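Colleague: In order, the protein sequence lines correspond to chains B and Y. Under the numbering used here, read the first sequence as residues 1 to 331, first letter to last. Under the numbering used here, read the second sequence as residues 1 to 255, first letter to last.
In short, the hints are calculated from the structure, not lab data. Model, not experiment: these values are computed from the prediction. Positions of the beta carbon are idealized from the N, C-alpha and C atoms, including for glycine. Please note: incorrect hints may appear among the correct ones.
Said to hold, decoys possible - Chain Y residues, not near chain B, derived (Cβ > 12 Å throughout):
id, residue
1, P2
2, G39
3, D127
4, A233
To be verified - If the Cβ cut is set under 10 Å, some of the chain B residues that face chain Y in the computed set are:
id, residue
5, T37
6, Y182
7, R191
8, D193
9, A199
10, L207
11, A213
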Amino acid sequence: MRGALAPLAVAAALFAILPMGLSMAGSGYLFRLADVTLIFCILSLSMQLITGVAGLLTLGHAAFYGIGAYAAAILSTRLGFDAGLTIPAAGLVSALFGVLIALPTMRLVSIYFAVATLGLGEMIYVTLLNWVSFTRGPLGIGDIPPLRPFGFDLSSPLGSYFLLAALAALCLLVVHRIAHSYYGNALRALREDDQCADAMGLPVVRLKIEVFAIATFLAGIAGALWAHTTGYVNPADFRFAESILILAMVVVGGLGSIPGAIVGAALLILLPEALRAIGEVRILAVGLIMFLCILFLPKGLFGEVAALDLVRRQFGAAWRGGSAARPLGWR
Amino acid sequence: MPLLEIDHVTRRFGGLVAVDDVSGAIAEGELVGLIGPNGAGKTTLFNVICGFTPPSSGEVRFAGELITGLKPWRICRRGIGRTFQNLRIFPNMTVFDNVSVGAVGRLGIGPVETLLRTRAARDRARDVSARTWQALERTELAPYAHLLAADLPYGRRKYLEIARALATSPRLLVLDEPAAGLNDTETAELARFIRTLHAEGLTILLVEHDMSLVMGICQRVMVLASGRKIADAPPAVVQQDPIVLEAYLGTEEPA
Ligand SMILES: Nc1ncnc2c1ncn2[C@@H]1O[C@H](COP(=O)(O)OP(=O)(O)OP(=O)(O)O)[C@@H](O)[C@H]1O
Ligand SMILES: [Mg+2]
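Throw the hints in and build the complete structure from the sequences for me.
Modeller: Shown next as C-alpha cells:
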C-alpha cells in the first residue's frame, strides 16, 4: 500500500500542487526558488548515493555539478546544441571525469579519498577559473539559451519548472532503484565495512567506481539544468562551499535516506533564503545548521547511520590493518 | 585431490615470522581444527588462505587451482566462506540485508540491470532472496530477519556471521574463533550446530583457541605454535602429544 502511495504523493505534489500554487502566486522569484530547490534535490540525491549509501565521504561534489554546467554552457553557446542534447551530454562528461577521478582514488582508504576529492574539486575550480580561452575564466559564460529541448519551447517559468520536475523525478527513480535493491545492499555493506564486504565476494573497487559514475552523471545533469535556467555560469558557483552545502543537505536529512536528501535540500535552500538579509554569511548558516544537527540529531532527520560515526570509522580505517601489512593509506 | 592445499606458506611481519613454513591439506567433507596458543599465527594463516594478506612465500591451492594472489572477493567466489575473529557484522543493516550481501557476493550484480529491472535482474533478486532465507533458516535467524543487526543479542551475532558466510554458498567454510566470548552452554550449542553443518556435507576449517570445542567435534587437528605446525593428527593423538602439551603449557594454559 505504502509502496504505491508514496510515488503518487510525490507526483501529485511535484506536477499538480506545486506548479498550481506557483502559477497562482505568479511570481518569477518563487518559480526560480522552486527550480533551484529541484536542482539541489538532484545534487543531494546523487551525493546520498555516494556518501549515505556507499559510505564514501566526498568533499568535491560541486566540481561535477560545475563540469556539467560548463559542458552545457559551452556546447550550447559555441556549438549550438539544444537542451535535449546538452543535458545528457553534461551528464556523460561529468561521469567521464567522475570515472577518471575514481579509478585511482577508489583504492585509497576512505579518509584519504575524502581529502583527494577535496583537492581534485578545487583543482577543477581553479581550472575553470584560469583556463580563460576555454571557459572565459572569472567572467563566466553568459547568454546560455533557455530550455528548448528538441525544439519544444519550455523557456517559460512554468515550462522550465515542469522539465526540471520531470528530470528530478527521474533522478529520484534512479537513486531509489539503486538504493532499494540488493545492489544497494552491496553498497551499504561497503559503507559498513568494506574489507568485510570484500570477503563476502563483493568487488569493492568496481562497486565504488560504478556508484561514483552514476552519482556524477546525475550531478552533471543538475549542472546543465542550472546553466540553462540561469543563462549564465561562473566558476564561483561551483566552489568548495557548494560541496559543503550539498553535504549538509545529506547530513541534515540523514545519511542513507532518500526522503532525507529531499527534505535536507529543501530546508537548506529555503531556510537561508528566508533569512536573505544575512547574505554573504550563508555559508556560516549552513555550517551552523550542520553542526547543530550533528550535536542534537546525530542521524539527521531520517538517517540510517550517524554522520559522526561514519567519519570516525573512516579515520579508524586509515590505521586498521597495521603499517606492516601495506603502506599507510592504501588498501 | 584435497580441496584445500597449503604449500610451504610463510608470512613475515618485519622481523617477526607469524607463519613459518606451514603445509597441510583439507579433503572434501572433512572437519578440521586449527589450534594454537595466543599469537601462534592462526589468524595470519587464515588471512593468507582468504587473500587478506599475501604470503611472504609459499602458495595455497583450492580445488586444484592456485588462489594465492587473488583478491579476497575472488577467493570467496571460488567457494571459501569466512567469519572474523572479532565480529564484523554490518550493524546499521537488518539481519536479512546482512545475509543478502553474502548471496549477492556469490551471484554478482550490476547497476544497469538493477536500474532497468530486467528479467535477469528479477530472477537474480529471487535467487538472492531464496539463498538468504535458506541461510537464515539454517542458522535459526529467520525470526530476527527484520531486526537491525546492532540490536541482535551477542550470541546470535555469531550465527549472523555464519549465515552471511553460508549465503555465499561455500565449499569450504573457515571459522575464526567462533566460540570466543560465548559461555559453556552457548559453546555447546555452537558445537552441535557446526557438527550439523558438517553432517550436511560442508567442509569446515575451525580455527580455535579453545581446545575443548575442537577436540570434541573435529576429525583432525592441526596445531600451530610460534608460527610452526607442530602436530597434525586426530584429537586423541594430539591430546597425548608431548610437543603439543609442552607448547600449550610453555605459554599458557588453554582456556
Ligand atoms: N598486521 C600485522 N602486523 C604485524 N604483526 C602482526 C600482524 N598481524 C599479526 N601479527 C603478529 O603475528 C603473530 C601471529 O598473530 P595471529 O593473529 O595470527 O595469532 P593468533 O594465533 O590468531 O592469535 P589469537 O589466538 O590471539 O587470535 C602475533 O605475534 C601478532 O602480533
Ligand atoms: Mg586469531
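Colleague: Compare the structure with each hint and give your call.
Modeller: Each hint tested on the structure:
1. P2: holds, 22 Å
2. G39: Label holds. Min Cβ-Cβ 14 Å, cutoff 12 Å.
3. D127: For D127 of chain Y, whose nearest Cβ neighbour in chain B is about 10 Å away, the distance does not exceed 12 Å, so it is violated.
4. A233: With a cut-off of 12 Å, A233 of chain Y remains clear of chain B, as the shortest Cβ separation is near 30 Å.
5. T37: Nearest chain Y Cβ about 25 Å off; hint violated.
6. Y182: Given a least distance of 5 Å, the restraint on Y182 of chain B holds.
7. R191: Constraint on R191 of chain B satisfied, holds at 8 Å.
8. D193: holds, 5 Å
9. A199: holds, 5 Å
10. L207: holds, 9 Å
11. A213: holds, 8 Å
The structure fails hints 3 and 5 (numbered hints given earlier, in ascending order).
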